[in-house]
Structure formats: C-alpha cells, structure tokens
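Keeping the supplied structure of chain A fixed, place chains B and C upon it in accordance with the hints.
Read top to bottom, the protein sequences are chains A, B and C. All residue numbers for the first sequence refer to this note's numbering, where the first residue is 1 and numbers rise by one. All residue numbers for the second sequence refer to this note's numbering, where the first residue is 1 and numbers rise by one. All residue numbers for the third sequence refer to this note's numbering, where the first residue is 1 and numbers rise by one.
Simulated from the structure, these hints should not be mistaken for lab results. It should be emphasised that the depicted structure is a prediction, and the values quoted were computed from it without experimental measurement. It is possible that some hints are incorrect.
What the hints assert, rightly or not - Beta-carbon label-pair distances, calculated as ranges:
1. B:Met320 x C:Pro81: 49 to 55 Å
2. C:Asn264 x B:Arg498: 35 to 41 Å
3. C:Ile69 x B:Phe66: 54 to 60 Å
4. C:Val104 x B:Ala500: 51 to 57 Å
5. B:Met320 x C:Pro222: 32 to 38 Å
Even for Gly, the Cβ is constructed at its ideal location relative to N, Cα and C.
One-letter residues, chain by chain:
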Amino acid sequence: MATSSTAADPHAAHPAHGASPAHGGHPPHLAHQFDTPAQQFESVVQGMWLFLATEILLFGGLFCAYAVYRANHPEIFYYAHKYLDTFWGAVNTVILLCSSFTMAAGVWAAQRGRRGMLSVMLALTLLGGLGFLGIKYVEYKHKWEAGLLWGRHYQPRYPPGYHGDPAGQDAPAPRAPAAGAALSVATPPATTAPPATPLGAVPNAAARGNPPDTADALAATDGPTVTATPAVPTADAPDPSWNLHPFESGPRGLLLPGQAPPLASEPLPVRNVHIFFGIYFAMTGLHGLHVVAGLIVIGWLLVGAVVGRYSGGYFTPVEVGGLYWHLVDLIWIYLFPLLYLIH
Amino acid sequence: MTAISPEAVFDRPADARPDYLRIRAGLASWLFTLDHKRIGVMYLVGILGAFLLGGIFALLIRTELFTPARTVMSADRYNQFFTLHGAIMTFLVIIPGIPAALGNFVLPIMLGARDLAFPRVNLASFYLWVVGAILAVLAIVLGSVDTGWTFYVPYATETTMGGVIPVLLGAFVLGFSSIFTGLNFIVTIHKMRPPGMTWFRLPLFLWALYATAIIQILATPVLGITLVLLIVERVFKLGIFLPALGGDPVLYQHFFWFYSHPAVYIMILPAMGIVSELISVFSRKHIFGYTFIAFSSIAIAIFGFFVWGHHMFVSGQSTMLSTIFSLLTYSVSIPSAVKVFNWLATMYRGSIALKTPMLYALAFIFLFGIGGLTGLFLGALATNVHLTDTYFVVAHFHYVMMGSTLIAMIGGLHYWWPKMTGRMYSEKAGVIAWALVFIGTNLTFFPQFIMGAHGMPRRYYNYPPEFQFLHQLSTVGSYLMAVGFFLTAAYLLHALFRGARAPANPWGGATLEWRCASPPPPDNFERPPVAGDPYDFSEIDYDPQTGGYVYTPRPAPAAASAAH
Amino acid sequence: MNPIPPLSLLAQAASPTTWPAVSPGGGSAWMPAAAATAARQADFVFYFIYWVAVFFFVLIVALMVYFAIRYRRRAARERAPGTVSHNTALEITWSAVPLVLVIVMFYLGYRGFLDIVNPPSDALPILVTGQKWVWSFTYPNGHSDTELHVPVDRPVQLTLWSSDVIHSFYVPAFRIKRDAVPGRYNKVWFQATRPGEYLALCAEYCGTQHSDMLARVVVHEPGGYEAWLAEASDPFRTRSYAEVGRLIHQKRCAGCHSVDGSANIGPTFKGLWGRQAAFRDGTAVLADENYIRESILYPQKQVVKGYDPVMPTFQGQLKDREILALIEYIKELEK
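Just chain A, with the same shape it has in the complex (with noise of 0.2 Å):
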C-alpha cells in the first residue's frame, strides 16, 4: 500500500536518468499527483505513519480487554501464565529486536544507495522473522498437545511450571478445585427455592458485576476433577446449561445448597483459567498474523533491491516498510511482559 503510488509508475519503460519530454523533465518514480519527489516521500510517509496509527488502535481493543480481564480476575492471569515458557519468549523478544536493528541498518544502506549491504540486512531481517514464526509455532503446538486451549478447549494435563512430556503417564493433574464447587447438574435440587441471600443482601462480587460461575457442567475450566456430570457437553452437542440458573450454579461468592464455605487458609479455586488462553491467543495470533504480512513485505523488498529498484534517490519503499516492522516489533515488546511476564 504505501508504494502503491510509485510502483509501475509511467517511467518505467523510459531510461532511468532521462525525463520523457512530455512530462517536462520530472524525474522517474514521481507519480503524476506530486510536484517534487520530497513532496511524494514526505505523503508516503505520512500515510504510513497514519496507518501504523490505525494498527496500535486494532490491537488496542485487545489491549483493552486484557486490562478489563486482568483487573477483575488478576488470579486467572497469575495461575495462567506459568503454563508459558519466558525462556522461549525471551528469546522471540531478542530475535525480533534484532530483526528490527538490520531493518534499520538496511535503510541506512538504501539512504545511501549501498544495494548490497541493503540486500544482506533485508534477508536477515527476513530471517529473524521467520526464526520468530518458528518458536511460535514450536510453543503453538506444545500447547495445543498439553490441552491449554480457550473456552471449552482447555483441558489441561498437567498444572503449571510441569515441564515434563506433555502427554506422558507421569503429568500430575492439574490443581483441583475446592469440593464443594463440583456440582452436579444431573439431579436437580429436591425444592427449587433459592437460598435467601440473592434477593437480601447481593453479595459482593455480583455487585462489582462478576459473572456467576458457570455450571461445571461445562468442559473442566480447572483440570478434570469435575465428577458426577453424564451431561458434560462436547463441542458439537448443545449445552443445557448454556440456559442458566443462578441458583443452580451459584454467583461468584456464594454458598450452593449443601456446601461448607472454604477455610480462610484453603485457596480459592481458579475459575475460568481458559479465559487467559483465550486472550492470550487472540493476542499473539493477531500479532503473528501481522509478522506474516510483515515477511511479506520484507521479502517484496529484498526482491527489488536484488533487482536494483532502490537508489539514493528512492527508497521510499523501504523506508516505509522499516517503519511497520518496527511497529510489528514495538507490538510484541509489550506483549512479551504482559503475557509472560506477570508478577
């Protein structure tokens, strides 16, 4: 998009140092709406800039929704993010910044008209990129063998900080649950009236709007320790407990018929862990998604500086093309430490 102005332009077919009479002795790559080729540099690159803008904004509903999430349930986030390797997004954290440093380099060398050196660092960006994709895709898989999935996908095998083989007979199951909170939904409750309190006093946490818990009849949010539920739906079959009932599965907080509250030493059960899988994916496929778009481009790139597109009186393209790796890079520097890093 951002060569789009200059790219086959009507003076490819004339000599390069020449101006075809008819256009009065402008030089070549100047489209036709532009005056002086600074006035083109100077448009591309503020349309460039314009639509990195809009890019921080696309992932910034994203970011929202992670803050939302992390301040109303910050336990989700702290228990959920063990399950992911910092060594290894450490490691996409120093590739993709040093990715962004031959970008920079390989602009200097097109400010000079340095095709070669241009070339080398453009195929090491290429690759930095692809070793990038790489250990996604390593860690991808590694997650989507040991269960750690959103929604009803997640059924880990193994609580976090296991290192061992994901599918292997020794994982220990993940942390279970206090008792009380399996419920079993096969057998409705001998009298349907409901404990006082919702219509008294709400408790707290469905005053601050919490969600109540869904039904365990749901795929285990915790591990599967959830026992005693026939009707535990698939993905495919329709889920009777998607009509809820609060005083079947209880708000946040409150007592179901015949459980004992927790002792103020047990912790509390982390519910509803898959929602950080699913931020978490949504996060970093958006952001994988872009570093594909991004080898693209740089690939484009390194194909016409092979060629010789580029000289000291053009390089518009790569200019612009630096300017979003950078941006691709500035992305993932914060989504290393909010999704990794969480204390």
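Just chains B and C, lined up with the frame of chain A:
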C-alpha cells in the same frame, strides 16, 4: 477596470482536451482507473444502489408495521429485514456516503490538485467497498441475519442464521475501505494544498472531511477488532464475551459503541461541511464565523470519542460512569448548535437564491434542528432511562442520519452535479421532489417521537394497538419519501442524457472546483490556481451569456500602477 | 392520549391473553400515565428539555424562513447587502448560553437518575428473570410467577438477570428500564403510586418473539399484595392438580405449546400423553411422566423431530409439585 478576458484566468474553458468522462471509453478504463473523479462516480453509483436496497427493506418494514399483528411477513422475516436495513444503510450508505461519493470527486479539485495523494489506495478503497457490498448481499442469500445491526452478544453468537459471519466479514472489510479513504484525505490535505491556501483558507467542506478522516483513522480499527473477536467468538467460542464461558457481554457493547458512536460523527460532519458551502454560496455572502466552524468540526471529532457510554445507560454500567458520559455528551452538542447559528447569521442580509441545493440545505437546518435537539432528551440520564430502546431513539437517529446526512448528501449531489456531469437538471422537478422528500421525512419520523415517548419499544414486530394510528402515519410518510426519491433519480438520470449543458460555475461558488470546466479534464487543472478566500464572492460576476458565473480577479491597485 | 381499552396482543392464536394498556388512565401530551415516584422527576426533566428545545427550534426555523423570504435574490447578478462575517461577542454569547442550559439539563437528569439507582434499604426485593420469551418474577418467599405484583406506596427493588440473551425490563408507566444481562445481576427500584394494572415490555431485541415478551404489572391496594402472594404461593390449597397445571401452562408454556393441536414453536400438548414421541436423532420414547419431567428440566437432551432446540430449561423455576400439576393437566388433554 480593465476587462480581463475569462480565458486568461479561467483554465481553458473551451478546452480541446476531452473531459474525464470521455477521455477513455470502455469498461476496463473505468474498472482500473486511478482518476479520483471516476472512482467518485463509481462510488456514487454503488452507494445509491445500496441505498435503494436498504430503502426497499425500509418500505417492507413500514408495510409490516401498518397493522399491529402480522401484515405481510413472519416475525423472523421482519427481524431479518430490520437488521439488513440497518447494516446496509449504516455500513454501505451513510458512513461511506459523502466522503466516498462526493469527497473523492471534489476534494482534490477544491485543493487545486491533480489527484489524491494515493490514487491506488483510493481504488483499493473502492474495491473493498464492493467486496463489503457483495458480502452483505451474500449474507441475505446464505440464510440471512436477524441480530440487529448492533450484533449484541450473546444473541449474535447464538442465533443459527447463516448470514451472520458474511455480514460481519463485510462490515470488517468496509471498515478498511473507510480507513484508507480517511488516510488518503488526511495526507492530501496536509501535503497537497496549493500556494496561498493556508489552513485557515481551506474551504469548510475540507475541514469537515479532515475532521471526519481523523475519526475514520482512529475509530474504525476498534470496530475491526470487535468484529474479528465476534467472529472468533461465534466460530471458536473464544470466551471473551460469552457469559457461559466467563466472558462479559457488556464488554462487547463497550467495544462496539467505542467505534459506533464516533461513526455517527463520520456521518454528520461531512454533511455539515456541505451545508456550510451551500449556505454561503446561495446567500452569496461570506460564511459567518469561519474559524469557529472549522474548530467546531475538530472539536466534535475529538469529543465524539468520549461519549460512547450514553448508549449503555441501562446496561448495568456503573452510575459514576453513566454520569460522566452524560456530562460529556452535552459537550458535543454545543459545537453543533453553534454551527446552526453561524449558518443563520450567514443568511442574514445575504442574497438568497432558493435553488434546489439551497432548499436541501434549509431542510437540513430544519431536520437537524429536530434531530439534534431530541438528542438532548437522550443525553439526560433520567429521561434516557425511559426513552432508550424505544421509537424515540429510532426517530432521533433517523432525523440525524436520514434527515440530515442524507439530505445534505442529496443537496451536495445537486450542487456538484453540473461539475460532475456537465449537465443541468430540471429545477422544477427538483423542487417537487424536494417537497415530497421533506414532507415524507417528517411524516415518517415525527410520529415515532410520540409513540416512543409513550412507551413503544423498538425492533417490535407486534405492538400494542394503541400505537397503530401513529404507525400508519409513519408508513404513509415512508411511501411519500420513496416517491420523492424515485422522482429525484428519474430527473437526474434524464438530465444525464438530455440536460442543458452546464457552465463552469453555475452557482457562483468561489472555491477552486468552479474554476475548471464542467466536467473537468482528467488532470483537473493545467496549472495549479492560486487560492484566495474561498468565501469571497466579490470577484465572482454573473455572465448572462453562459448563464453561469466567472471569476474575474480585480487587479491589486498598488501593484497595477507599480507594474507600469 | 385517549386511553384505548386493552385489546388482545399476541399474534399467535395459541394464547389470547389480554394485556393491560401501556398507558392506563392516560398521561400527558408526551408521556404515558405516571404511576411511580420516579415519573415525577423524569417527566419534569422531559418537559424542561422539551420547552427549551421548542423555543430554540421555533426561533431557528422562524429566522430561517424569514431570512429566506426577506433576503431573496431577485436578479442573478445581485450581491449580498451584508458583509459582516465575524462577531466575537455574539459568537461567545451563543456558545455560552446553550452551554449553561445543557449543563442544567445534565444536572436535572442526573438527579432524576439517582432516584432510580439508589434504593431505600427497606425495599421489597424481587428477582426478575428474563428468558426467551417470558419474564419470571421470584418473590421473597420463593414463589415464582409470570406476573409482577407489588404493593402501592412501598419501594420495590428488582434484581434482574437473564438465562440466555440480553433482555431489558421496561415499564413505561413507571419510567424504569434496565437490561437483564446473562452472567450478572442488574438492579433498579421503583415505588408505585397508583393501584392498577400496567404493562411491562422487553426493550432489548432478543429474537423471534421479542415483541411478545410482555408481562402484567399489578399494583395492589394496601394489604392486597400480601393476600395475593399467599394465594399464589400455594394454589394447590384451593385447586386440583390439573387445574393448577392449566394455570401454569397458561403462564409459562402457552407461548410455545398449544393445547388445541395447532402448530407453534413447540409441539402441541393435545394428545401428547401416552403417545410415542419421535426425536430428531431418530429415537422415540413413550410420553409418560418421566418424559414430561425430563423435557421440562433438560429440554435439549431429546428434541422432538421437526422442531428446533430452543426450549429453555425450567430448573429452579418450577417446583416438583408444579411439574406434577402440569403432568396431570397434560393427562387431561388426552380426553
């Protein structure tokens, strides 16, 4: 004063070069054009086509509502029709509307430029619009959608209709069309102004498009991510909005309205820009309060980002948040009100020609007056609780979208029609159609205020019989409006082939687009004109021979004598 | 507005219920009948804004029309007599005056809003459940009903939630509205001032029968509410099981299940008892007590062939006794 021949200053009126319409023929020359004028015309055709489709849905809806119970369709069909009406009108017609169909054509010429900064991006923008339109039509065919154009979760993730994903994808693609248009406009206005055109010599239409473009750039990506998340939620059950998975459905509403509220300012700002031009030109008087109007456009664009919560006062949002949003909502009303006062002050002691474009501008003031003032009821918390989600809101937004934006767009279309096509339309037919549309609009939507205030909720297939009479009035009004629009299409099409040839400046405008031929040559200007005050009519004289106006700059007295 | 006698609303022939008017006893020119304390402030704000708006609108349009006529251009070459394009004092004035007016509007609206979000501590708590497409009200003694009954001149706090999609509980005569959102509790309160029957509507689009999701609101004279609640909580005291079942069907099931054999969203109950019920997955089962009970509590488990899986569960809303009553009623329909 010495008579300066028009040819000397007017850019080759008897231009031997063919104009942009005739320079190259054939479908390919249109489909692959980079000329902003042709792209603008293609947009216009597409948008008017989408308006026809959305309008047909509207007539079907109003027909069904003629009686309380079933009239011509089932409840499910009705729900699909109001959803499609809303989605098509919002995403395909009103949001792109003025910037794409008129702005693309006029902006570069008003700047004295040869084209926009990025012609290929412009064409890409158009094709994205086409893809969005195709997806919308596909949605109708593939099983339709009945979620309402707001796609609230969990209904939007639950409903089994097959057209939901195509519509969401279509809206996503249309978002990028909008973003690219805005990006193009901003860079063009920044970088391609002619000598003499400082920021405070920009025509107000361009200030309006600039402010609109800022919103397009900053707000639309949030819609993009919202729609993507909604699609992912629906297909993969990600869990971010669905309460059954621990998500928050009200979070969806925040995301959605964060874009969709600024979107309404994308709709209204260009319309106000057109009205500023029309009032000034047809009063032949300098616009009153230029600086304030320019700043008010930017102010509306900025403040518009801080008020989205006023769509959610009853959603369960906290009282404190609702209070803040209510206060900020009123802040946006002031710049809009002041523009109206400025327009009236422009008319005061002007020389007012009541041609069709001016009639539309005056209709705008009337209809936007109602639409804007009824916004005050909705901004106040106590009344909002009673009025939200009723026909009062429906009437309010139709007055501002249909009665203001669309009316201004049609007024602008009539204003720039001679420039775009080189033909004049029948003034008599214009006035008749205008009257039908104006009366029809009021008859359709004013009864809706009454029924909404009395408790008639929106998106209702059945309704309590006490509202029947008002519904019937509304339906009759909608048919009247439709007749007015069809008449407009008829005489404009007729003008295309049989209209009188238009002079370069039929209305006496002082902005730069009136200095090139009607229609313009492909590059607009041979040499960039020097820009003066866009609302200074002292150098625009009527020329009875051509039936139009000519720009005849008076020589500066000191320079004239010094040169000799 | 002239009060129009209530007429039948539902398009579906299955349930010809008579609903109260939206505005019984009439209201003012723009507002429906006022039957709660919140209406006073809400109406005051409405009319304040209304008259300010009318004033400015009439002023603007009158000026516009006057200028258009008075300063009409008579010849094409004519120029404008006026030249002033700027007047700072005027521009500041016409910015400041509206600003003051809108701030007043904001403040009045805010005060009225506080009226309905901060309930008094002695408010009667009622739980409102929205589900497609019927409202349920659960009273403090546990009784669940499809009608909202409240005493006059006593604050009532509604706790709203939904079991499926977002709904919105709206009583025009009380000027209250609040969304019923799945996964959270929203609250609104009111104090009714006039005994009578009013209409509650759903104000957030929720699907096919969104416009039929109505509820009757009954404001009782002093003492009437307690009497009604006692009787409604235990209908079995004075009725047979089948009779109670008939009442329950009318309130809860009639929207989707007819009793006269006509087609609707769900299968008809006529002749259901003792029949073979054929399901979408090809299996079939005898329609006996177990089948009926399971269909009410786990409707998605076995869906009858030819119908969509849209029935919500009534777990928590129907007691066992009520389910038995329905079963007895359905048995009767055979005859």
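The hints, checked one at a time:
| no. | hint | result |
| --- | --- | --- |
| 1 | B:Met320 x C:Pro81: 49 to 55 Å | holds, 54 Å |
| 2 | C:Asn264 x B:Arg498: 35 to 41 Å | violated, 58 Å |
| 3 | C:Ile69 x B:Phe66: 54 to 60 Å | violated, 38 Å |
| 4 | C:Val104 x B:Ala500: 51 to 57 Å | holds, 54 Å |
| 5 | B:Met320 x C:Pro222: 32 to 38 Å | holds, 37 Å |
In summary, the structure is inconsistent with hints 2 and 3 from the numbered list given earlier, while agreeing with the others.
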